[in-house]
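K.L.:
In case you want the letters, here they are:
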Amino acid sequence: MADTALVTLVTRDSARLEFACPAGMDVLSAAETAGFYLPAMCHAGECGQCHAHAQSGAYEMAPHSKAALPDPGQGGILLCRCQPRGDLTIDLPYEDAKIARQPLITRSAIIESLTPAGEGALALTLTLTPDAQLGGAADFIPGQYMELTVPGTEIRRAYSLANLPNWDGRLDFLIRLVPGGAFSTWLGTRARVGEELSLRGPLGHFTLDDASPRPRVLVGGGCGAAPLVAMLRHLADYQDSLPTHLIFAANREAELLPPALFEELRAGLPQLEITLCVWHPSPGWDGFTGTAAEALAAHLAAQTEMPDIYLCGPPKMLDTARAAALAQGVPAERIFAERLAV
Amino acid sequence: MFCFQCEQTARTETGAGCASARGVCGKDEATADLQDVLIYQLKGLGQYAHRLHQQGRPDAAADSFILYGLFTTLTNVNFNRVRFVELIAEAARIRDRLRGTLGETLAGPAAFQPADNLAGLLAQADIASVRAGLNIVGEDVIGLRALVLYGLKGVAAYAHHAEVLGEVRPEIGAGIAHALDFLATDPVDADTLLAEALALGQLNFTVMETLDAANTGRFGSPTPTQVRTTPVAGKAILVSGHDLGDLAAILEATKDTGINVYTHGEMLPAHSYPKLHAYPHLAGNYGTAWQNQHQEFAAFPGPIVMTSNCLIEPQPAYRNRIFTMGPVGWPGVRHLTHADLALVVRAAQALPGFAETAPEKTILVGFGRDTVLSAAETVIGAVKSGAIRHFFLIGGCDGAAPGRNYYTEFAEQAPDDTMLLTLGCGKYRFNQENFGEIGGLPRLLDMGQCNDAYSAVQVALALSKAFECGVNDLPLSLVISWFEQKAAAVLLTLLALGVRNLRLGPSLPAFLTPALLNVLVEKFGVQPITNAQDDITAALTRQAA
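Heads up: the sequence lines are chains V and P, in that order.
So that you can map any letter, position 10 of the first sequence is 9 in numbering that gives the first Met the number 0, and since no number is skipped, the others follow by simple counting.
So that you can map any letter, position 95 of the second sequence is 94 in numbering that gives the first Met the number 0, and since no number is skipped, the others follow by simple counting.
If you're looking for bench data, these hints aren't it; they were derived computationally from the structure.
The model shown is predicted, which means the values in this text are computed figures rather than measured ones.
Every residue, glycine too, gets a C-beta built ideally from N, C-alpha and C.
Be aware that a few hints might be false.
Listed next, with one range per pair, are the computed distances between beta-carbon atoms [unchecked claim]:
1) V:D236 with P:D255: 21 to 31 angstroms
2) V:L325 with P:G119: 23 to 33 angstroms
3) V:D167 with P:T229: 24 to 34 angstroms
4) P:S19 with V:R199: 34 to 44 angstroms
5) V:D70 with P:G119: 54 to 64 angstroms
6) P:H337 with V:A266: 37 to 47 angstroms
7) V:G267 with P:E359: 46 to 56 angstroms
8) P:E359 with V:G187: 49 to 59 angstroms
9) V:E262 with P:Q53: 51 to 61 angstroms
10) P:A60 with V:G267: 27 to 37 angstroms
11) P:D115 with V:A266: 50 to 60 angstroms
12) V:A266 with P:R217: 40 to 50 angstroms
Reference excerpt, derived from the structure (chain P facing chain V, CB under 10 angstroms, subset only) [said to hold, decoys possible]:
13) L33
14) N116
15) W329
16) L342
17) P351
Chain V extracted, bound-state conformation (with noise of 0.2 angstroms):
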């Protein structure tokens, strides 16, 4: 085996990275030492965040998770555990432009509100400190997520941002509180007004493709919901005239978001549609009753035109809208999912 492996990258608009790989190096690792800043999030196969195809080429995956990973028999890669073991040419499921060509940059917020969204959820706010070199603009792109961290360890935990960037330094979360979780613990226990957070990114490739013209269909579950929010302010934000159906799925009314954020979509987006999902609901429920996966199979069953599919949700729920896409004849290159760990 030669000491170094070529590793070419094909992004999902065909343009090709090249970059050695020494041996015993992971490719997300090369990719960095290259100068590419592919989207991950853990490093340590657990997200999923880096999922990857091999489109030709041996490799071996260290240890990960098999959550992360459904796909390993189909060429199902994770950047940050996959070691070539010759020349690779991997394809990714994103375009260049999700690739950053800087290092990720590290920097504080004040936390400007901390607010109950529905049952066992918080809104957070924070503004970003001024910096000399970097500004106090919020720069990211709708369905893209900081690490925050929490304060006083090294341990970071990654929120999709909810709102549109800004000139204002402005970022917005809605945060499922995990019971035990480092960070939920500490943001229903501890955090106050006031308190300077230390956090990282923008990172992540679940964004809109604005270039589409297609419909589009956006299926949320769980804490899955601030990426989701985040594209559809977007697209209200620019007018966006396209079909729009937005699915949220919770096991319970109560996990619902709060009615006044659906107002507010609709009201930016008049030709939005909302299916709200309850698994199961209690007596009165007038909405759906099932799974996020069983409303986007009704939806698409009654389409002439097949939609994108974005998906944001738990690894479960993720598998089965997929299924139920691939199912009605979406093809597979549409739809585009951010896993999240449970």
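Once you've looked at the hints, dock chain P against the given chain V.
P.N.:
Showing chain P alone in chain V's frame:
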């Protein structure tokens, strides 16, 4: 997708042209196909508009839409599929209106009914392909049609720039409608096609004159001006493209805000227009030509506004702080009108700006025709005394191709007793160098944007009058670098004016077949570039002979 309209088009063993899922410029297949459909519709609009012009009943709004529509399809202008779907629907509505006005239903592209969804539109794209009918008419006719179409795109772009500054002349709308109507007939006669191309070149001369009138009428006649090329500490906005009206609006919106405005690329000549130069916060020129924008825009610490070509795919580092105006577009990049400029101001205030003032460096611009002609006596005297042996106009577009080093080498190797005139963004290959003086004038005279070829022609005509000779007898050689369709329009103008002694590079247009290139060489004296030293020697030898 098939597109071979620009210089950087893919050239493979199987032939030239971008025919994959994504062109070299970054235009994807669907966008390319939608642009073809729009062009096909514009031919249909041209059919109606031509007849309405003939009847003295032109539809000004339709003429304006045609200019804008053609401009959106130039290289590196608009990549937004959704925008093209909208434009296609709008074109159909305008066609219906013109049909009602004319009171007659025309066949051909005028009868085309676009589908109401993307899949349908893409399925219709074959009929609109620039190579439609290739098997029947052959490569030469396809190439000549492309020459007319691409020249027409350039003409429309210049006409649009003049129009937004308030200069509209009916003969321009009539000429463009005529050319579209001509293309709608699927012409096959080579002589007729070539004649139409030359007529377009003549029309483009009028258009460039109109744009010159628009620019100088609004902002004054260019005067020699030192332009700072290093940053000044403070908040900053970068303005790229060609549209002086957009720059003026940005300067007005940023007046007294403490924000400095920098020009980029083809906006550099703006500094020489007195009414733009009068804004004290028009601080300088930043960066080089368009192909370096990924690095230069990422490093610029403020918002960037693209007013026309050349836009290439915005990188994540600056995607949220780049804005488009006019015909320009990229999916997910905010498009602005003059009413929205407060947003750019807000962005500039939020972004860091330049932390420090760098040591001052400057370049000299502003040698428009008035300035050069005001020094005509000096120039003529210098030629007669032998101080100036020859003039080289090294002008046109820049691009990424390595072969473009030729133009740097040409400028550097031209003898000291030759004067260098330049225009377009190709000048960034050498405009920071010190070429010294000749006959009391700088050896390098920057005449402006690519459309200021009009100025260059005026100077050449004035010199030929002074020397009582034809333009082709002057000690003048043109060394042209082309990239996109405005350069094609300027080339047609030079051919139409009978200007010979013209070298073209870095590569010749892919849509011109060997037979057509032979016509250019034989009939018009166009020569491909070889290497700088040989071409300089050949030009000077010709003159000596």
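K.L.:
Could you run down the list of hints and mark each one as holding or not?
P.N.:
Status of each hint after checking the structure:
no. : hint                                   : result
1   : V:D236 with P:D255: 21 to 31 angstroms : holds, 29 angstroms
2   : V:L325 with P:G119: 23 to 33 angstroms : holds, 24 angstroms
3   : V:D167 with P:T229: 24 to 34 angstroms : holds, 31 angstroms
4   : P:S19 with V:R199: 34 to 44 angstroms  : holds, 37 angstroms
5   : V:D70 with P:G119: 54 to 64 angstroms  : violated, 34 angstroms
6   : P:H337 with V:A266: 37 to 47 angstroms : violated, 28 angstroms
7   : V:G267 with P:E359: 46 to 56 angstroms : holds, 48 angstroms
8   : P:E359 with V:G187: 49 to 59 angstroms : holds, 57 angstroms
9   : V:E262 with P:Q53: 51 to 61 angstroms  : holds, 56 angstroms
10  : P:A60 with V:G267: 27 to 37 angstroms  : holds, 31 angstroms
11  : P:D115 with V:A266: 50 to 60 angstroms : violated, 27 angstroms
12  : V:A266 with P:R217: 40 to 50 angstroms : holds, 42 angstroms
13  : L33                                    : holds, 9 angstroms
14  : N116                                   : holds, 6 angstroms
15  : W329                                   : holds, 8 angstroms
16  : L342                                   : holds, 8 angstroms
17  : P351                                   : holds, 4 angstroms
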